[in-house]
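So the protein sequences, as listed, match chains A and B.
With the UniProt record's numbering, letter number 630 in the first sequence gets 630, and the count goes up by one each step, no holes.
With the UniProt record's numbering, letter number 128 in the second sequence gets 128, and the count goes up by one each step, no holes.
Careful: at least some of the hints might be erroneous.
One copy or two, it doesn't matter: identical chains are merged, so the pair holds either way.
Here are the simulated lysine-lysine pairs, BS3-like style, with alpha carbons at most 27 Å apart [said to hold, decoys possible]:
#1 Lys523 / Lys323
#2 Lys655 / Lys65
#3 Lys464 / Lys386
#4 Lys214 / Lys27
Just so you know, the hints here were simulated from the structure itself, not pulled from any lab data.
Number of protein chains: 2
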Amino acid sequence: MAFPRPKPTTVETMAMERANPPFNIRKLAIKMHGSEKNLLLKEKFMAELARHPAFVLSDVHDLSKDQIRERTMEKFASMVYFVTHESIDTFTKRMELVGIADPGFWTRFGVHYGLFLGAVRGGSTPNQLSYWIDKGVLGLNGVIGCFGMTELAHGSNVAGLETTATFDKSSDEFVIHTPHLGATKWWIGGAASTATHCSVFARLIVDGKDHGVKTFVVQLRDTKTFGLLPGITIGDIGKKMGRDGIDNGYIQFTFVRIPRAHMLMKHTQVSRDGVVTEPPLAQLTYGALLGGRTAMVADSSNTTKKALTIAVRYAAVRRQFGKNDKGVETQILDYPIHQRRLIPLVAQSVAMGFTALKLTDMYEDMTAALDRLEPSDPNLEDILAKLKETHATSAGLKAFCTWACLDTIEKCRQSCGGHGYSAYSNLPAMLNDFAVQCTWEGDNTILALQAGRALIASAAGAAKGEKLAAGVAYLGDKNVATSKSDGSLSLADISNGFHNVAANVVRKAATEYAAARKAGKSKEAANDACSQARFVAAKVHTTGYIFHMFRAYVEEQEASPETDVLAQLAQLYGLWQVEELQGHFLRYGYFNGAQLDKASAKVDELCFQLRQVAIPLVDSFALSDHIVNSPLGKWDGSVYESYFNQVRAANPPPKEHPYFNRLIKPLLERETGHMEDPGAEMDLDDELAELAEERAAALKEAKPLVHKDVE
Amino acid sequence: MAFPRPKPTTVETMAMERANPPFNIRKLAIKMHGSEKNLLLKEKFMAELARHPAFVLSDVHDLSKDQIRERTMEKFASMVYFVTHESIDTFTKRMELVGIADPGFWTRFGVHYGLFLGAVRGGSTPNQLSYWIDKGVLGLNGVIGCFGMTELAHGSNVAGLETTATFDKSSDEFVIHTPHLGATKWWIGGAASTATHCSVFARLIVDGKDHGVKTFVVQLRDTKTFGLLPGITIGDIGKKMGRDGIDNGYIQFTFVRIPRAHMLMKHTQVSRDGVVTEPPLAQLTYGALLGGRTAMVADSSNTTKKALTIAVRYAAVRRQFGKNDKGVETQILDYPIHQRRLIPLVAQSVAMGFTALKLTDMYEDMTAALDRLEPSDPNLEDILAKLKETHATSAGLKAFCTWACLDTIEKCRQSCGGHGYSAYSNLPAMLNDFAVQCTWEGDNTILALQAGRALIASAAGAAKGEKLAAGVAYLGDKNVATSKSDGSLSLADISNGFHNVAANVVRKAATEYAAARKAGKSKEAANDACSQARFVAAKVHTTGYIFHMFRAYVEEQEASPETDVLAQLAQLYGLWQVEELQGHFLRYGYFNGAQLDKASAKVDELCFQLRQVAIPLVDSFALSDHIVNSPLGKWDGSVYESYFNQVRAANPPPKEHPYFNRLIKPLLERETGHMEDPGAEMDLDDELAELAEERAAALKEAKPLVHKDVE
């Protein structure tokens with residue numbers, strides 16, 4: 001061979017890592033996925049995607065935004081077959097996998113099937129639903145929808161939206177109108193290039209009275225020619241941080257008329273005479289929000305598993321420093337500091353995965369129980385309370401899991417050193433695609449504060465002796481706040497610790513709230529005053545919740561080598577979070593300094609032990625090379641060859657240098673004689689002296705000289 | 001007006017924010033920039049850039065990689081005029097500003113002038129330097145350089161590079177060769193499309209003996225035709241996370257011959273007969289590293305100021321929720337939680353800026369002193385010790401300041417809600433461009449560990465009674481580790497607190513190291529064993545260092561309203577970091593729980609007070625709208641109009657829909673009749689049953705079914 005590679009090669013190193021795992025990888029994978037059927041389905045989907053012509057992933061980093069959009073629409077058409085043939089359950093699992101492979105496409109698909117169709121289903125009378133189904137909303141053959149909620153000046157405050165829908169009694173129509181720039185619909189996925197209809201959230205105005213925001217189906221484009229209908233102005237919002245596959249647009253309505261029947265009237269009705277009938281106080285739809293947030297916890301787990309598959313495999317075969325007497329450098333995964341960087345993140349990823357599985361089970365159990373029970377059944381109240389509590393906790397889970405995922409992706413990227421900066425590592429794209437999860441479907445900070453507010457309410461209820469749902473029951477246990485560790489650092493010890501600190505930080509927030517109210521502040525002002533404390537309460541409670549879920553899962557399992565490794569991961573996750581939150585554990589006396597040192601030493605030890613099985617662990621995440629889409633994370637460890645080949649394939653040398661003659665040649669051929677004597681420096685002090693008047697004026701006006709666009 | 005805007009408009013709101021600041025913005029800006037001359041120079045540069053045709057910034061998000069590359073080379077040619085006419089000092093300041101505007105271009109320029117020319121200057125004999133200057137290295141007229149250090153398999157471990165330079169005595173040449181794939185030069189900025197020469201770091205082999213890594217100047221391309229020279233293989237590394245302006249390439253050398261004189265021989269010489277002369281133990285070049293790292297601290301401050309200019313201005317004019325009786329919603333900067341998100345980051349940004357200024361002054365003082373003193377002067381030892389200590393601290397400063405900056409950019413982006421996901425907010429590009437700073441010029445984690453190692457050495461020296469440099473003198477004060485707060489939370493109180501916790505965490509690391517050595521571990525293994533403790537020591541020491549620098553600056557200032565606001569910012573930075581690191585402050589008893597509560601309350605209060613002057617504060621960062629390049633961060637607050645206009649300008653509607661006929665029309669016109677009865681779901685259980693044999697085998701083999709590319 002002309003260029004002999006040093007031994008062991010990365011492929012040989014990976015094979016060594018994979019030899020003789022102490023547990024059965026497939027059995028562990030089954031546990032990670034909840035059931036063997038789930039795993040088999042996922043493998044089936046991965047195989048289908050790997051061969052699907054529109055799901056080529058290796059070239060995505062070099063596509064233009066327009067090329068990505070077009071490829072997204074190609075995927076769209078193929079998915080319609082599945083959505084109209086598979087059960088909802090199966091199709092949901094298919095889309096979960098598609099979302100890991102291509103978040104941009106998943107978003108476009110979800111905008112029609114999740115958001116638009118969800119709005120139509122949730123807001124239509126039976127007649128209206130039949131109508132839209134006849135129009136083709138289920139199969140995209142007649143209606144391709146988008147979701148017109150967000151406006152340029154209003155995101156989180158949906159009640160403040162400013163698009164208007166004014167009833168015209170004479171023609172039995174609503175007139176949809178954008179009254180000013182800030183009311184322009186913005187961020188509307190699918191509007192720019194692919195939607196025919198839009199579920200528009202607009203203020204219902206009848207006889208000059210504003211009835212608040214309702215939902216209206218507005219056709220945007222002619223379904224035959226795709227031309228914009230009269231009064232509809234659409235533009236492309238353009239380049240985003242990620243997810244360029246979905247064509248977000250802005251929409252302005254200028255006196256657009258729609259039939260009255262196109263207002264979705266399941267809840268609020270408007271009669272021919274313009275009589276507005278509001279429903280009785282709307283049942284809070286806990287279920288829909290809980291489902292969406294559980295999916296985001298699952299997505300956070302799946303995405304971190306993908307990132308860690310890359311980072312752990314790379315770290316197992318990358319060697320740097322520490323050359324031994326055979327001339328072989330040390331695998332970076334053998335450095336304790338690198339174990340510290342990655343292994344706790346693996347534990348967290350797995351913890352989020354089991355939290356999502358348990359949440360799903362809990363939600364299914366609660367829904368089934370609600371269906372079975374009579375309204376008078378005493379258990380009904382308990383189950384409703386549990387549903388309400390899980391919903392409140394899910395706000396915190398969405399916030400802290402998506403933040404943890406974004407942080408994990410970037411830590412994985414940095415752990416790959418220089419190669420993590422290449423687009424082909426796929427980690428930059430994962431970061432840019434995932435980042436929006438921290439903002440949409442509820443801004444994370446606002447959700448965390450909502451979770452904190454609910455915890456304060458639960459604490460207040462506990463103080464009144466009310467019965468609490470399981471997830472917050474610890475708030476009612478008087479001994480919890482002053483408990484101390486038994487020093488064992490067991491899963492039970494860690495759980496008790498989290499109950500202690502969560503109870504204390506929730507009480508701190510509740511105390512601040514009560515003090516603010518007593519001082520005369522309104523509820524809103526009092527909530528603002530304790531917002532930082534509410535945030536901390538939500539963080540600690542949510543972190544504990546994830547740990548409790550993981551621990552519960554582990555303790556339900558039969559003894560096996562797979563359960564052993566899960567127990568180690570659970571202990572690592574718990575103790576690492578204790579370390580991260582050690583201020584609270586010390587403050588409230590659950591752990592003392594010596595015990596924290598012991599916990600840190602245990603974290604080091606668990607990181608070392610789990611490093612020995614790091615490769616089998618990420619293998620159990622069961623992601624195909626196609627989905628992982630990174631030469632740094634290939635199953636066989638062929639990092640350098642795969643990376644080199646992908647770089648060469650994606651960047652064929654141009655026949656002609658695009659700008660040598662115009663820009664480089666003149667530079668190279670410049671005559672030295674044209675340069676001034678380098679010794680004759682320009683005297684800037686003279687130049688600056690000329691500005692003396694302006695300088696004095698600027699000092700007087702107290703603003704910098706250059707503060708806006710220079711003309 | 002057809003579309004009347006609600007009042008107050010964002011522009012009116014911004015004007016209100018800017019009215020009657022309690023301090024003189026320009027005086028504060030002068031302090032932030034170190035001197036009035038620095039500020040005036042910066043404003044001059046900003047004005048020049050704003051009009052420069054190649055420095056148009058508003059369209060950068062929609063350029064292709066190739067277009068960005070070409071525009072970078074246009075900038076290159078124009079900068080050459082300045083570099084050959086201005087003093088080094090002035091040009092350095094110009095480049096500092098250019099780096100804030102366009103990191104990709106700054107990198108390409110720095111690769112030639114900083115890295116390549118730096119290697120040539122630092123490694124050449126006087127004759128060699130003359131030779132390369134004659135060839136045109138100072139003005140790019142004959143030599144455009146790149147820096148060939150990193151290889152595919154070696155980044156951090158420079159001593160482990162594998163490119164070879166074998167001496168051929170018969171022809172008086174070195175033969176440069178890439179022995180295998182992993183030795184391929186990788187990440188070489190400028191190699192792909194714009195460099196003619198390369199400073200190649202290769203192993204010197206003479207008579208079969210390996211003398212380690214030396215520097216060789218290798219010509220890559222013909223300077224007339226730009227064709228690759230024989231034996232040179234170059235490819236484009238392609239798409240990166242950011243900084244696409246610099247054309248990184250890979251280089252493989254296949255028996256490339258260069259004259260012996262092209263090895264840079266200031267330190268190691270090779271004679272005509274192949275006699276290798278090594279220099280005496282090389283003087284550690286503290287200065288070069290210190291200069292580079294100070295620049296990265298400054299860049300972290302400048303970049304965070306740019307991000308905060310956007311986020312703070314947006315938060316001041318964005319209104320959401322909290323409608324008052326006039327129908328006006330609340331500015332989000334008025335929410336305590338939003339103040340908590342941004343104002344501490346403003347304090348940190350300013351702290352880093354003053355740290356950079358003070359580091360620069362300290363370095364200049366030390367260099368001047370070293371020049372003046374005789375080798376026998378007793379002060380020489382002190383100054384060398386100070387230089388060595390500042391160099392060690394600078395490793396930690398580079399790591400923690402760049403991490404803080406990356407974190408700040410993302411927090412600023414998220415604080416802009418949905419609009420932060422638009423490329424035009426400029427925050428995604430800032431994140432993607434900046435991220436590499438955490439990896440290059442020393443991987444942050446490795447640097448942090450180096451800083452920790454130096455702290456352990458200082459602690460050991462202190463234990464032996466050695467005199468310590470000022471920055472680590474606290475390690476020698478026996479009372480520091482058990483000191484307690486006086487409860488005032490003053491700047492002095494905070495300083496003492498940081499000395500306490502830093503002394504304790506350094507001692508912890510030193511104790512772990514000593515224990516590992518005593519247990520028989522080698523120095524390397526002992527360092528590994530205490531790596532987590534070293535990391536924590538570096539973090540706490542470095543954070544304290546930044547605070548001490550900021551406090552020192554403030555206490556040097558004469559009393560004025562500008563000094564008052566800086567003092568508030570310093571106290572906020574200190575107390576916020578106390579909160580972030582509260583575990584340590586509690587653990588080592590400097591603060592008790594009640595004092596920490598008081599500190600948190602003070603943080604809330606300072607955030608509120610500084611919010612009142614948030615707009616004048618970011619105005620004092622003195623960044624033109626052109627440099628900030630974000631409609632969300634315009635000086636006049638015209639957020640919605642600017643954003644809308646930029647989106648429309650960047651995304652003109654295409655004449656024809658690019659894929660309606662091919663992909664959307666068939667979807668819309670699909671006949672419903674072709675769908676199967678939706679009730680007939682595919683029976684997956686049957687499908688899965690067929691896989692039973694494979695499933696059993698996979699369980700036995702213990703690996704997932706789909707684990708590599710599907711054929």
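How the hints compare with the structure:
no. : hint            : result
1   : Lys523 / Lys323 : between (64 Å within a copy, 15 Å between copies)
2   : Lys655 / Lys65  : both (25 Å within a copy, 17 Å between copies)
3   : Lys464 / Lys386 : within (18 Å within a copy, 63 Å between copies)
4   : Lys214 / Lys27  : neither (50 Å within a copy, 52 Å between copies)
Checked against the numbered hints given earlier, the structure breaks only hint 4 and satisfies all the rest.
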